[in-house]
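S.K.: Line order of the protein sequences matches chains E and X.
The first sequence begins at 1 in this note's numbering and counts up by one.
The second sequence begins at 1 in this note's numbering and counts up by one.
Derived from the structure by calculation, the hints contain no laboratory data.
Here the structure is a predicted model, which is why all the values come from computation and not from measurement.
Think of the CB as a built atom: it goes at the ideal place given N, C-alpha and C, for glycine as much as any other residue.
Mixed in with the good hints there might be a few duds.
[Stated by the list, open to error] Here are the simulated BS3-like pairs of lysine-lysine, each with C-alpha atoms no more than 25 Å apart in a straight line: (1) E:K70 to X:K164; (2) X:K110 to E:K99; (3) X:K99 to X:K110; (4) X:K23 to X:K110; (5) X:K36 to E:K70; (6) E:K75 to X:K110.
[As the list claims (entries may be wrong)] FRET-style restraints, in silico, Cβ to Cβ: (7) X:F4 to E:L113: 29 to 39 Å; (8) E:P109 to X:F11: 11 to 21 Å; (9) X:I6 to E:E40: 20 to 30 Å; (10) E:C47 to X:P37: 50 to 60 Å; (11) X:R76 to E:G89: 45 to 55 Å; (12) X:R76 to E:E40: 51 to 61 Å; (13) X:L83 to E:K99: 37 to 47 Å.
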Amino acid sequence: MRRAAALLLFAALAASATGKEAAPAAADPVLEKRVMALAEELRCLVCQNQTLADSNAPLAEDLRNQVREKMRAGKSDREVVDFLVERYGDFVLYRPPLKATTILLWFGPLLLLAAGFAVMLRRVRLRRESGEAEVTDADRKRAAELLASGDPK
Amino acid sequence: MTRFAIPIAIFVALLALLGIGLKLDPREVPSPLIGKPAPHFELPELHQAARTFSERDMLGKVWVLNVWASWCVSCREEHPVLLDLAASGAVPVYGLNYKDRREDGLAWLKGMGDPYKISIFDFDGRVGIDYGVYGVPETYVIDKSGIIRYKRIGPLTPEIVKEKLLPLVRELDRA
Numbered sequence: 001m002r003r004a005a006a007l008l009l010f011a012a013l014a015a016s017a018t019g020k021e022a023a024p025a026a027a028d029p030v031l032e033k034r035v036m037a038l039a040e041e042l043r044c045l046v047c048q049n050q051t052l053a054d055s056n057a058p059l060a061e062d063l064r065n066q067v068r069e070k071m072r073a074g075k076s077d078r079e080v081v082d083f084l085v086e087r088y089g090d091f092v093l094y095r096p097p098l099k100a101t102t103i104l105l106w107f108g109p110l111l112l113l114a115a116g117f118a119v120m121l122r123r124v125r126l127r128r129e130s131g132e133a134e135v136t137d138a139d140r141k142r143a144a145e146l147l148a149s150g151d152p153k
Numbered sequence: 001m002t003r004f005a006i007p008i009a010i011f012v013a014l015l016a017l018l019g020i021g022l023k024l025d026p027r028e029v030p031s032p033l034i035g036k037p038a039p040h041f042e043l044p045e046l047h048q049a050a051r052t053f054s055e056r057d058m059l060g061k062v063w064v065l066n067v068w069a070s071w072c073v074s075c076r077e078e079h080p081v082l083l084d085l086a087a088s089g090a091v092p093v094y095g096l097n098y099k100d101r102r103e104d105g106l107a108w109l110k111g112m113g114d115p116y117k118i119s120i121f122d123f124d125g126r127v128g129i130d131y132g133v134y135g136v137p138e139t140y141v142i143d144k145s146g147i148i149r150y151k152r153i154g155p156l157t158p159e160i161v162k163e164k165l166l167p168l169v170r171e172l173d174r175a
């Protein structure tokens, strides 16, 4: 009996937990899909590490409504995004645009990689010049002997 | 020991960068609206729903638009600063009551004092979206030709008013 009650409670909790996600699907599932797909690409400004699609903040809800309305009015994804960028800046975009101020953001990691590679190349070359890793004839001879002696038990 | 000089230098530089990063406020999103015309609105007033107010009514004047709500905790903290600013007469302060209930907004002003020449009533937050509002309170300084010159996200403090807002208003008034 108690177990059944607990189960029921758990089920109710689980249902309410899933019920919280995103806005209720409006009458038009195709439109709703488009809204949510775009909302995945946009940042909620209140809880900054969530997308507009994930967030339950009232502002996120308002913005989703705006997106839905604009799409219903026949606006393209591009136009809806521009509308938001005009008001909230590039920050609403999860993928920052490529422009002069974001060049370092886009190519910084590549630059670091190249720098690391350059350092490594230089080290390898230095080591080679210093002869540290040179294999001498004596080494070769010893290696050959070890190999010929067969299975060392 | 010189072989460690470069790694240590890199490490120190990284520490310095991280230190600066700690001091930055990620909530301060630079507004794309600075230097642009204030978005148009025509909204009912909070006190008299039958009357409307538009940003166009303010052309030719330097003014401050403050976004507030009775449910907003930081607005409470900011309120005395706004009362002082309004009382100083340095610049007219207008309010945008954001996503509030009319009776709550009115009760709030009655209880705490009303610094606003007029408060407008943005029930569904649409004008808020046009102004890029995402964290109430927010404050805008708008110049004589209706261009947004300054935006503050978060509560105004006496320091900000004295060091940023008032000098800017004086400069714009002269223009």
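S.K.: So, for every hint listed, does it hold in this structure?
M.R.: Results for each hint:
1. E:K70 to X:K164: Not OK: K70 of chain E and K164 of chain X at ~37 Å, beyond 25 Å, violated.
2. X:K110 to E:K99: violated, 49 Å
3. X:K99 to X:K110: Measuring from Cα to Cα gives roughly 18 Å; hence the hint holds.
4. X:K23 to X:K110: Given that 25 Å is the threshold and the Cα spacing comes to 38 Å, the pair is violated.
5. X:K36 to E:K70: holds, 23 Å
6. E:K75 to X:K110: violated, 43 Å
7. X:F4 to E:L113: 29 to 39 Å: Between F4 of chain X and L113 of chain E, where Cβ atoms are some 23 Å apart, the hint is violated.
8. E:P109 to X:F11: 11 to 21 Å: holds, 19 Å
9. X:I6 to E:E40: 20 to 30 Å: violated, 43 Å
10. E:C47 to X:P37: 50 to 60 Å: violated, 30 Å
11. X:R76 to E:G89: 45 to 55 Å: violated, 28 Å
12. X:R76 to E:E40: 51 to 61 Å: violated, 36 Å
13. X:L83 to E:K99: 37 to 47 Å: Holds, since L83 of chain X and K99 of chain E (Cβ atoms, about 43 Å apart) stay within the stated range.
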